[in-house]
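Fit chain B to the known structure of chain A by using the hints.
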Amino acid sequence: MAIAIIRTLILYAAIVVSLRIMGKRQLGELEPAELVVAVLISDLAAHPLQDIGTPLLYGLIPVLTLLCCEVLITAGVVKSIRFRAFICGKPNVIIHQGKIIQKEMKKNRMTPDELSEQLRKKNIVDISTVKYGILETDGTLSTVLYTDQAPLTPKQMNLPTNDVGYPVIVINNGRVISDNLQKMGFNEVWLKKQLKNRNIAAPRDVYLMTVDESSRIYFAVKDNCQ
Amino acid sequence: MKKEIFIGCFLVLMLAAAIVNIHFLTKLTDNVVNLIEDSEKYAGQGDWETAEKKAEEAARLWSDSDTYTHLVLRHPEVETAMDAIYGFMEEIYAKEEGAAKGAAEAAISRMQSISAIEQIKIGSIF
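Residue numbers (full-length UniProt numbering), protein chains in the order written: chain A, 1 to 226; chain B, 1 to 126.
Calculated from the structure, these hints are not laboratory results. Fair warning: there could be bad hints in the mix.
[What the hints assert, rightly or not] Have a look at the derived ranges for each label pair, beta carbon to beta carbon:
(1) B:Asp-47 - A:Ala-46: 47 to 57 Å
(2) A:Leu-57 - B:Arg-60: 18 to 28 Å
(3) A:Ile-10 - B:Asn-34: 31 to 41 Å
(4) B:Thr-26 - A:Lys-79: 33 to 43 Å
(5) A:Ala-46 - B:Pro-76: 15 to 25 Å
(6) B:Leu-61 - A:Ala-46: 28 to 38 Å
[Stated by the list, open to error] Pairs of lysine to any residue, SDA-like flavour, derived with a Cα cap of 20 Å:
(7) B:Lys-2 - B:Leu-13
(8) A:Lys-196 - A:Ile-217
(9) A:Lys-79 - B:Phe-6
(10) B:Lys-3 - A:Glu-70
(11) B:Lys-3 - A:Leu-72
(12) B:Lys-53 - B:Met-82
(13) B:Lys-2 - A:Leu-72
(14) A:Lys-79 - B:Cys-9
(15) B:Lys-3 - A:Glu-34
(16) B:Lys-3 - A:Ala-75
In this text, a Cβ means the ideal position worked out from N, Cα and C, and glycines have one as well.
The following block holds chain A by itself, in its conformation from the complex:
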């Protein structure tokens, strides 16, 4: 058992360091420490499942050790900026004032194709419109466009807006979510009235019903009740 714990600690450290060396492009929306846990846990849990001759503890102990590593590393990352930089790396500016910083591209082993792909995913086709392009620690690209390229907002146009708030589900696949109904300041009587107005016999006939802060209702009847 002790061997399992020590091996897990060594492998965890080795994989975190390897992923840091490999660079951000290997990650994909997970920090290195998170990726290690995600990759290892599924495999560790599979072994005792496949082989009934292996005690369950051989799977459980490394999983629990990884859990401890993850919690302790996360605590360290939150507490210390240096430790965070060591474990997660630092964001890198790879586009500055519309120009690609080739040194940073090389450092992160990122090709122009990959950069173009990331930009296309953000509906950006012209690199010169990007003021800053930042490769985040999880491998994703954040972009800041020049102000003359950024989308207009109602505020910039001095247009009045109607803030309707977040729509809350009150009927989910035939089930009334009473908590949400109460949070929005409504009750069962109001709900029955709304259903009656739409010629619906009971909540069980409703697939989805949402209501927002402006009392706007979205309503979807179940296919077999139409």
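Just chain B now, kept in the frame of chain A:
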């Protein structure tokens, strides 16, 4: 912070439990080995009755720890060790001194390898 302290303590506790497990397993395998060696010694002196008792005691000690051994060791390892002890018992019952010696060595070697694999050594870790 309480969560982190709890997790840190839990990790230390797991390591401590693992070290206690090493001592417990070493003690168990040492006891079985001692009984096999005693049995072999009595067999060498021609006291087959005591040799049988000691061999049976060794088998009983290992099989009585069945739940524990199946929890912490790979099941084929537990079964192979049991087979080795039974192999030794057979030779003792057959009163074959030479064969008993060989079977005892096999059983002892199996026990020692089970104990060694759990020891914290560079070789075991890597």
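Taking only the CA atoms, is the gap from Lys-196 (chain A) to Ile-217 (chain A) under or equal to 20 Å? With a Cα-Cα distance of about 14 Å, the restraint between Lys-196 (chain A) and Ile-217 (chain A) holds, given a limit of 20 Å.
Note whether the CB distance of Leu-61 (chain B) and Ala-46 (chain A) lies within 28 to 38 Å or breaks it. For Ala-46 (chain A) against Leu-61 (chain B), whose Cβ atoms are near 35 Å apart, the range 28 to 38 Å holds.
20 Å Cα cutoff - pair Lys-79 (chain A), Phe-6 (chain B): holds (17 Å)
Keeping to a limit of 20 Å between CA atoms, is the pair of Lys-53 (chain B) and Met-82 (chain B) held or broken? holds (16 Å)
Taking only the CA atoms, is the gap from Lys-79 (chain A) to Cys-9 (chain B) under or equal to 20 Å? holds (19 Å)
Agreement of Lys-2 (chain B) and Leu-72 (chain A) with the hint, judged by alpha carbon distance not exceeding 20 Å: Distance ~11 Å between Lys-2 (chain B) and Leu-72 (chain A) Cα, so the pair holds.
Whether the CB-CB distance between Ile-10 (chain A) and Asn-34 (chain B) falls inside 31 to 41 Å: Since the Cβ atoms of Ile-10 (chain A) and Asn-34 (chain B) sit about 35 Å apart, the hinted range of 31 to 41 Å holds.
Okay, Asp-47 (chain B) versus Ala-46 (chain A) on CB: inside 47 to 57 Å? holds (52 Å)
Does the alpha-carbon distance linking Lys-3 (chain B) and Ala-75 (chain A) stay inside the 20 Å limit? Distance ~9 Å between Lys-3 (chain B) and Ala-75 (chain A) Cα, so the pair holds.
Taking 15 to 25 Å as the stated bounds, is the beta-carbon spacing between Ala-46 (chain A) and Pro-76 (chain B) within them? holds (19 Å)
Is the hinted pair Lys-2 (chain B) and Leu-13 (chain B) satisfied, with a Cα-Cα distance of at most 20 Å? Measuring from Cα to Cα gives roughly 16 Å; hence the hint holds.
Restraint check for Lys-3 (chain B) with Glu-34 (chain A), where alpha carbons must lie at most 20 Å apart: Roughly 18 Å between the alpha carbons, so the hint for Lys-3 (chain B) and Glu-34 (chain A) holds.
This entry satisfies every hint, going by the numbered hints stated previously.
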